[in-house]
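Line order of the protein sequences matches chains F and U.
Under numbering that gives the first Met the number 0, the residue at position 53 of the first sequence is numbered 52, and the numbers go up by one with no gaps.
Under numbering that gives the first Met the number 0, the residue at position 63 of the second sequence is numbered 62, and the numbers go up by one with no gaps.
Calculated from the structure, these hints are not laboratory results.
Among the clues, some could well be false.
[Said to hold, decoys possible] Ranges of calculated distance between the beta carbons of each label pair, as one might list FRET restraints:
{"#": "1", "chain 1": "F", "residue 1": "Glu-92", "chain 2": "U", "residue 2": "His-22", "range": "29 to 39 Å"}
{"#": "2", "chain 1": "F", "residue 1": "Ala-118", "chain 2": "U", "residue 2": "Gly-86", "range": "45 to 55 Å"}
{"#": "3", "chain 1": "F", "residue 1": "Ala-118", "chain 2": "U", "residue 2": "Ser-21", "range": "34 to 44 Å"}
{"#": "4", "chain 1": "F", "residue 1": "Pro-11", "chain 2": "U", "residue 2": "Met-53", "range": "49 to 59 Å"}
{"#": "5", "chain 1": "U", "residue 1": "Asp-93", "chain 2": "F", "residue 2": "Ala-41", "range": "26 to 36 Å"}
{"#": "6", "chain 1": "U", "residue 1": "Ala-51", "chain 2": "F", "residue 2": "Glu-43", "range": "23 to 33 Å"}
{"#": "7", "chain 1": "U", "residue 1": "Asp-89", "chain 2": "F", "residue 2": "Ala-95", "range": "50 to 60 Å"}
{"#": "8", "chain 1": "F", "residue 1": "Ala-66", "chain 2": "U", "residue 2": "Ser-21", "range": "24 to 34 Å"}
{"#": "9", "chain 1": "F", "residue 1": "Asp-45", "chain 2": "U", "residue 2": "His-55", "range": "44 to 54 Å"}
{"#": "10", "chain 1": "F", "residue 1": "Pro-11", "chain 2": "U", "residue 2": "His-55", "range": "55 to 65 Å"}
{"#": "11", "chain 1": "F", "residue 1": "Asp-102", "chain 2": "U", "residue 2": "Asp-89", "range": "31 to 41 Å"}
[To be verified] Listed next, the in silico PhoX-like pairs over lysine-lysine satisfying Cα-Cα at most 25 Å (straight line):
{"#": "12", "chain 1": "F", "residue 1": "Lys-59", "chain 2": "U", "residue 2": "Lys-50"}
{"#": "13", "chain 1": "F", "residue 1": "Lys-91", "chain 2": "U", "residue 2": "Lys-48"}
{"#": "14", "chain 1": "F", "residue 1": "Lys-70", "chain 2": "F", "residue 2": "Lys-60"}
{"#": "15", "chain 1": "F", "residue 1": "Lys-114", "chain 2": "F", "residue 2": "Lys-14"}
{"#": "16", "chain 1": "F", "residue 1": "Lys-59", "chain 2": "F", "residue 2": "Lys-91"}
{"#": "17", "chain 1": "F", "residue 1": "Lys-91", "chain 2": "F", "residue 2": "Lys-14"}
{"#": "18", "chain 1": "U", "residue 1": "Lys-41", "chain 2": "F", "residue 2": "Lys-59"}
{"#": "19", "chain 1": "F", "residue 1": "Lys-14", "chain 2": "F", "residue 2": "Lys-70"}
{"#": "20", "chain 1": "F", "residue 1": "Lys-114", "chain 2": "F", "residue 2": "Lys-91"}
{"#": "21", "chain 1": "F", "residue 1": "Lys-91", "chain 2": "F", "residue 2": "Lys-60"}
{"#": "22", "chain 1": "U", "residue 1": "Lys-96", "chain 2": "U", "residue 2": "Lys-41"}
{"#": "23", "chain 1": "F", "residue 1": "Lys-70", "chain 2": "F", "residue 2": "Lys-114"}
{"#": "24", "chain 1": "F", "residue 1": "Lys-86", "chain 2": "F", "residue 2": "Lys-60"}
{"#": "25", "chain 1": "F", "residue 1": "Lys-70", "chain 2": "F", "residue 2": "Lys-59"}
{"#": "26", "chain 1": "U", "residue 1": "Lys-96", "chain 2": "F", "residue 2": "Lys-91"}
{"#": "27", "chain 1": "U", "residue 1": "Lys-57", "chain 2": "U", "residue 2": "Lys-41"}
{"#": "28", "chain 1": "U", "residue 1": "Lys-41", "chain 2": "F", "residue 2": "Lys-60"}
{"#": "29", "chain 1": "U", "residue 1": "Lys-48", "chain 2": "F", "residue 2": "Lys-59"}
This one's a predicted model, so the numbers in the text were calculated from it and none came from an experiment.
The beta carbon of each residue, even a glycine, is placed where N, CA and C say it ideally should be.
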Amino acid sequence: MAEPWEEEEQGPVRKFMYVNRRAPYGTIYALESLEVVLIAAAFEQDVSLAFLDDGVFQLKKGQDTSAIGVKNFSPTYRALEGYDVEKLYVEKESLAARGLTADDLVVPVQVVDQKELGALMAEQDVLLSF
Amino acid sequence: MTMLHTVNKSPFERRTLDSCFSHAEPGSAVLMIEDAVYGGIKGTAVADKVKAAMDHFKIYVLGPDVRARGLDESQVIDGINVVDYAGFVDLVADHAKVQAWL
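Could you build all of it, start to finish, from the sequences and the hints given here?
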């Protein structure tokens, strides 16, 4: 007998957005978000990730954590494509305030302004905040 | 002997650095660690505020925390000293007291 999670029928696909607003390493939020994204990728939903406020620092190129004794998880963002997580939105204003541009980031992203990001948030079914 | 103040919160997210700058006596040392190192970087929205504070304080950033975040010494505001963990220890030893702004 099939277990409930083995049922073939696919439920409705819903829009999930992971909202990342914290810098990496200072708190555990960024790593936890990434872990949840990777786990939830198995559920084949319409997933997007938003990076705003200090969350844009998660994607900064060139992270080297060897001297602080924690894992550098930034290469994992490049693996998201392999999990069909391809919609990465980064807020333009947050980048600018931090002296960053899209060229400073480890993955190709869509840079959107506050208003556009607000509209994207409004069209989601589920928002998960980190 | 002057005091050493440590700050560990991002200046974009919290007011900790402002609070430190408002309370520390002139001549104090301020060491930015963990997410506070973003405050020591050139070309950000808080850089001018930090540069102004350098008139009153000796400011340091912890190099290992800078590099962990994908930044390097060339991006640190001119006049801010980059220290390693041994330098952190020296700062603690060279000041009468330490106040941690959490």
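Against the earlier hints, flag every one the structure doesn't satisfy and list their numbers going up. 5, 6, 7, 19, 22, 23, 26
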